[in-house]
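Full structure from sequences and hints, please.
Respectively, the protein sequence lines represent chains A and B.
For the first sequence, the residue numbers in the working numbering are 10 to 326.
For the second sequence, the residue numbers in the working numbering are 111 to 391.
Since the hints were made in silico from the structure, they are not lab data.
Hints are supplied without guarantee of correctness; some may be wrong.
Unchecked claim - Cβ pair distances, simulated, as ranges:
hint: 1; chain 1: B; residue 1: V222; chain 2: A; residue 2: E178; range: 50 to 56 Å
hint: 2; chain 1: A; residue 1: E160; chain 2: B; residue 2: V310; range: 43 to 49 Å
hint: 3; chain 1: B; residue 1: V310; chain 2: A; residue 2: R26; range: 45 to 51 Å
hint: 4; chain 1: B; residue 1: M298; chain 2: A; residue 2: V225; range: 55 to 61 Å
Said to hold, decoys possible - Heads up, simulated DSSO-like pairs for lysine-lysine below, C-alpha to C-alpha not over 30 Å straight-line:
hint: 5; chain 1: B; residue 1: K280; chain 2: A; residue 2: K318
hint: 6; chain 1: B; residue 1: K218; chain 2: A; residue 2: K61
hint: 7; chain 1: B; residue 1: K218; chain 2: A; residue 2: K318
hint: 8; chain 1: B; residue 1: K336; chain 2: A; residue 2: K272
hint: 9; chain 1: A; residue 1: K61; chain 2: A; residue 2: K291
hint: 10; chain 1: B; residue 1: K185; chain 2: B; residue 2: K336
Backbone N, C-alpha and C fix where the C-beta goes; we use that ideal spot for every residue, glycine too.
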Amino acid sequence: MAPAAETMLDRSRRRRRFWGRTLRSAVPYGLILPIVVVIGVILGYPLYWLVKLSTERYGLFELIRHAGVSVGLANYRSVLHDQVFWHTLLRTVVFTTANVTLTMVIGMLLALLLARVGTVVRILLSSGLVLVWSMPVVVAVQIWYWMTNYENGVVNYILTKLGIGNFFEHDWYATTFSQLSLVTLLIVWGALPFVVITLYAGLAQVPHDLIEAAEVDGARSWRVFRDITLPILRPILLILTSLSIIWDFGVFTQPYLLIGQSKISTGNYLMSIYLFEEGYFKSDYGRGAAISLLMLLMVAVLSVVYVRKMVRIGEAQ
Amino acid sequence: MNARRRGRRARQAGWNVLGLAIFVVMVFPVFWMISTAFKSNEQIVSLNPTWFPLHPTIQHFRDAIHRPYFWVDVKNSLIIVSVTVAISIVLAFLAAVALARYRFGGRKLFIVLVIGIQMLPQAGLIIPLYVVLARYHETNALSGVVITYMTFVLPFSVWTLRGFLIGIPKELEEAAMVDGSTRLGVFMKILLPLMGPGLVATSVFAFITTWNEYIFARILLNDQSKQTVTVWLSYFVGSSRHTDWGALMAASSLTAIPVVIFFLLVQRRIAFGLTAGAVRG
Numbered sequence: 010m011a012p013a014a015e016t017m018l019d020r021s022r023r024r025r026r027f028w029g030r031t032l033r034s035a036v037p038y039g040l041i042l043p044i045v046v047v048i049g050v051i052l053g054y055p056l057y058w059l060v061k062l063s064t065e066r067y068g069l070f071e072l073i074r075h076a077g078v079s080v081g082l083a084n085y086r087s088v089l090h091d092q093v094f095w096h097t098l099l100r101t102v103v104f105t106t107a108n109v110t111l112t113m114v115i116g117m118l119l120a121l122l123l124a125r126v127g128t129v130v131r132i133l134l135s136s137g138l139v140l141v142w143s144m145p146v147v148v149a150v151q152i153w154y155w156m157t158n159y160e161n162g163v164v165n166y167i168l169t170k171l172g173i174g175n176f177f178e179h180d181w182y183a184t185t186f187s188q189l190s191l192v193t194l195l196i197v198w199g200a201l202p203f204v205v206i207t208l209y210a211g212l213a214q215v216p217h218d219l220i221e222a223a224e225v226d227g228a229r230s231w232r233v234f235r236d237i238t239l240p241i242l243r244p245i246l247l248i249l250t251s252l253s254i255i256w257d258f259g260v261f262t263q264p265y266l267l268i269g270q271s272k273i274s275t276g277n278y279l280m281s282i283y284l285f286e287e288g289y290f291k292s293d294y295g296r297g298a299a300i301s302l303l304m305l306l307m308v309a310v311l312s313v314v315y316v317r318k319m320v321r322i323g324e325a326q
Numbered sequence: 111m112n113a114r115r116r117g118r119r120a121r122q123a124g125w126n127v128l129g130l131a132i133f134v135v136m137v138f139p140v141f142w143m144i145s146t147a148f149k150s151n152e153q154i155v156s157l158n159p160t161w162f163p164l165h166p167t168i169q170h171f172r173d174a175i176h177r178p179y180f181w182v183d184v185k186n187s188l189i190i191v192s193v194t195v196a197i198s199i200v201l202a203f204l205a206a207v208a209l210a211r212y213r214f215g216g217r218k219l220f221i222v223l224v225i226g227i228q229m230l231p232q233a234g235l236i237i238p239l240y241v242v243l244a245r246y247h248e249t250n251a252l253s254g255v256v257i258t259y260m261t262f263v264l265p266f267s268v269w270t271l272r273g274f275l276i277g278i279p280k281e282l283e284e285a286a287m288v289d290g291s292t293r294l295g296v297f298m299k300i301l302l303p304l305m306g307p308g309l310v311a312t313s314v315f316a317f318i319t320t321w322n323e324y325i326f327a328r329i330l331l332n333d334q335s336k337q338t339v340t341v342w343l344s345y346f347v348g349s350s351r352h353t354d355w356g357a358l359m360a361a362s363s364l365t366a367i368p369v370v371i372f373f374l375l376v377q378r379r380i381a382f383g384l385t386a387g388a389v390r391g
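Dropping the structure here:
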């Protein structure tokens, strides 16, 4: 009698424990379920559509009719046979390389400078950087547009006064090179604060005594930088560089607004503007989808380093 | 010894001067915006620029806010931003708790998702988002914009909140559990209050990124009465042959002010979200 009752009690307890454990292990899934569903709807579904669109003829007519016409890989063929696509890709790669190199090199130099200046200057300079950092991109574009205006832009005035040349009524928007250089300056200016402040925080990790010991041993500052500072900053530099590459490759607002829609042409396209003009502006959504997919694939390749690094950090904690 | 010290002092002064010069160059555009916004029109178009407006005028600010659709578009921006942030923070917080407090199958996949999505270039998403939203008649509607904004606010918020949660020792919650609190009780009485600053900082940063967003709003909203403030500002130039520079700079200042204030408040807390873990400080 007694043993039987005990097993029954045991069994119900075990059952309760089983359900309790199952319930508890379901908690994290319950927590991520809402966001997974939402992301699935607002991003997963459009991405499915992206793939579908890229194999269809889909213009304004199809948009209203709510149905595309399947054309197989015609959109991809059209894009890959488009001279403009390849020129745009090349231009974007050169543009990205220039932006990232300038951002990282100047950023590193400014971080080192920030570590050397006195306290007052340091506070001043870092507050200035934070101020620049906080500028909305669209606002920054308007300011640069005003400063580089050919009639009464202050940049022309300053350059002339400094004796760099005669920039009276110099039109910065006359050539593609000049236009994109301005965009580069704007982007580098906007990106520097983030890079400098992050690198400066990284410099705090470099052990002081190590540098002092090296200096006592007669190491020059370049060698100290190369053999001590750089290796310690390597992971941060890697992350900042990959982020800059990804951002600059896909940049849209700065070139689109600074160059101005009336001056945008096939001769100064960057990848995202090419996509915007060919896909959205011309209402050729099918072809636009093919360009988007190609672009997303390129960015995915560029992001591998960053994503892997961050996932490793995320998994560890 | 003395000579060396003098040399060091001279070099220090050199670095300081260089630092000041770079400060001037970096801050100049922002200064120029504010300075222009307060100048008279004669000073603005003059070929000899006035550096400091000694007799500031607020006429340009009056002109800017009285331009058509300014207040409507500010209201649109505020609606879009607050709805996006409110929904995103709730959803993201739940997911962040899961990431920071539990180990579960599929966790790595979820992390890859959260980080990977943040790397998607916005331009690459405009076509499918536009077409899908058009199918459901969500173009030219604020709700459609909220949906697109959540695509980047959600993953960002999950990651940032996760960082804040990791900073709260697990032991606090475990101790409360031992004392007989329920899981919900622990959540309400311990986790939520401690997460206050983190939630505020993340919300503010989400506010800033959505307030500043341009491209999605540009493609989705056609009516001038439906646009956001950034799109309104971007149409300022080119609406007439002669740009009203003073009003443009006043409008730019007005657009930037809320962002600058909020940014200064949270910058320290949040600046390292994107590089979290790489900078050990």
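Here's how the hints hold up against the structure:
In this structure the hint that V222(B) and E178(A) lie 50 to 56 Å apart at CB holds, the actual value being about 53 Å. Checked against the hint of 43 to 49 Å, the pair E160(A) and V310(B) passes, with Cβ atoms roughly 45 Å apart. In this structure the hint that V310(B) and R26(A) lie 45 to 51 Å apart at CB is violated, the actual value being about 40 Å. For M298(B) paired with V225(A), a C-beta distance near 57 Å keeps the hint of 55 to 61 Å intact.
Distance hint between K280(B) and K318(A) is fulfilled; the C-alpha atoms sit about 25 Å from each other, no more than 30 Å. A C-alpha spacing of about 28 Å is found between K218(B) and K61(A), which places the hinted pair at or below 30 Å, so the restraint holds. Proposed proximity of K218(B) and K318(A) is supported: the alpha carbons are some 13 Å apart, at most 30 Å. Simply put, K336(B) and K272(A) have alpha-carbon atoms about 26 Å apart, close enough for the 30 Å limit, and the pair holds.
Annotation: proposed proximity of K61(A) to K291(A) holds, straight-line Cα distance about 19 Å (limit 30 Å). A C-alpha spacing of about 9 Å is found between K185(B) and K336(B), which places the hinted pair at or below 30 Å, so the restraint holds.
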